[in-house]
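Given next are the chains, with one letter for each unit.
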Amino acid sequence: MAEDNDSEPIADGSGTGIVAPDDETPTWSERKERTQGLSRLTYEYFERARREDQDLRMESDYVERDVLGFPAWPHEMIRNFALTSFFVGLILFLSATLPPHIGPPADPSTTPAIILPDWYLYWSFGLLKLGPLNPELSILGGEKLMADRTYGVVANIVVVGFIAMVPFLNKGSARRPVEQPFWAGIGVMGVAFAFTIAALSVKNLLPMDSHLLFDLTFLIPPVLGLISYTVFRAMQEGYMYSLNRRYYRLRPPK
Amino acid sequence: MADEFMKGLAIATASGLIWMVLAGWYNTPGFEDTQLLGADPADPSALEAIALIVKEGLFWFMILGAVTFWIVLPAAREARARLAN
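As you go down the protein sequences, you meet chains Z and F in turn. Each number in my numbering comes from the position in the first sequence (counting from 1) with 914 added on. Each number in my numbering comes from the position in the second sequence (counting from 1) with 221 added on.
Hint data in this document are derived by calculation from the structure and do not stem from the laboratory. The beta carbon of each residue, even a glycine, is placed where N, CA and C say it ideally should be. Hints may contain errors.
Label pairs and their computed distance ranges (CB to CB) [said to hold, decoys possible]:
{"hint": "1", "chain 1": "Z", "residue 1": "Ser974", "chain 2": "F", "residue 2": "Lys228", "range": "39 to 49 Å"}
{"hint": "2", "chain 1": "Z", "residue 1": "Gln968", "chain 2": "F", "residue 2": "Glu225", "range": "23 to 33 Å"}
{"hint": "3", "chain 1": "F", "residue 1": "Glu225", "chain 2": "Z", "residue 2": "Ser1023", "range": "38 to 48 Å"}
Some residues of chain Z that are not near chain F, with every Cβ distance over 10 Å (derived) [said to hold, decoys possible]:
{"hint": "4", "residue": "Arg954"}
{"hint": "5", "residue": "Arg979"}
{"hint": "6", "residue": "Ser999"}
{"hint": "7", "residue": "Gly1017"}
{"hint": "8", "residue": "Asp1021"}
{"hint": "9", "residue": "Tyr1065"}
{"hint": "10", "residue": "Ala1078"}
{"hint": "11", "residue": "Asp1123"}
{"hint": "12", "residue": "Ser1124"}
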């Protein structure tokens, strides 16, 4: 093949010297020196992919039609009716077989012993219990700058402000956590904090010393974040290695 | 591959749904009591006894069906491919 057509690039990983053999992937410095070959290699890679695509299309008996879309009736409507009937049927089935419980009427004259918000607001409820973190400033003669309840509300603003700030600090170009271990660690820390602060909000229901729980609330998230950072960091080299290896290796022709 | 996943998922969800309904009928003493995992009725009628057997069967069908299609069959196929090479 190389004799009769010299202009045709050989893409089996042996000929051009562009592509490293499988067992010796180039080092980073070697890759940096290779500025010429990379564009050529990229071209070959996509050209091969394009030609394989074309061959598959020639082999296939699927007829491509120039259709911009499907008509709403009947094509789309049949699908929509099928999905709608499925979910309506599920609702009817469940409401017939497991009718909802109707509790006794609410009694406005008594206050329940335990008052909690809905579970998805536990984190915010937990932020109202940060009294021990509210510093007693000696400059104010041992007084606190603001009341504990004000402090809890301000803590909400801090958390929401941080969440609003993160997209500006990191625009999130990573497709997987392993690609940006630091921000993955930050994310794990935030998720862990959401859970621990939620646990803190129901501290009187947990079978645990409340001071220990308070400390763990702020200790566990950074520890988990650090662990995930180190794990991702350790995984990163192998991940980038196999990614580059896949990129630098062209499949031999069948 | 996707088909196998769908089979396992269909088995798990469908039998899980029926299991949940039967457990809601026979193993739920009250809304604010144990739900779905309560004790079996002490003196079941014939119908209740059949339903409890069906519930037990569906429970294991849910688990074994999903395990079969998601783990056992793919593993067997992998093993056969390895052995063939």
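Outcome of the hint check:
1. Distance hint check for Z:Ser974 and F:Lys228: the Cβ-Cβ separation is about 27 Å, which falls outside the suggested range of 39 to 49 Å.
2. The given range of 23 to 33 Å is respected by Z:Gln968 and F:Glu225, whose C-beta atoms sit roughly 31 Å from each other.
3. For the pair F:Glu225 and Z:Ser1023, the beta carbons lie near 59 Å from each other, so the given range of 38 to 48 Å is not met.
4. Look at Z:Arg954: its CB is around 34 Å from the nearest CB on chain F, clear of 10 Å, so calling it non-interface holds up.
5. Distance check for Z:Arg979 against chain F: the nearest CB is about 25 Å away, which clears 10 Å, and the non-interface claim stands.
6. Listed as a non-interface residue, Z:Ser999 keeps its Cβ farther than 10 Å from every Cβ of chain F; the least gap is roughly 16 Å.
7. Here Z:Gly1017 does not stay apart from chain F, with its beta-carbon only about 7 Å from theirs, under the 10 Å limit.
8. No Cβ of chain F approaches the Cβ of Z:Asp1021 within 10 Å, the least distance being about 15 Å, so the stated non-interface status holds.
9. No beta-carbon of chain F comes within 10 Å of the beta-carbon of Z:Tyr1065; the shortest separation is about 36 Å.
10. Distance check for Z:Ala1078 against chain F: the nearest CB is about 37 Å away, which clears 10 Å, and the non-interface claim stands.
11. With a closest Cβ-Cβ approach of about 29 Å to chain F, Z:Asp1123 is found to remain outside the 10 Å limit, as its non-interface label requires.
12. Every C-beta of chain F lies more than 10 Å from that of Z:Ser1124, the closest at about 27 Å, which supports listing it as non-interface.
Going through the hint list in order, the structure does not satisfy hints 1, 3 and 7.
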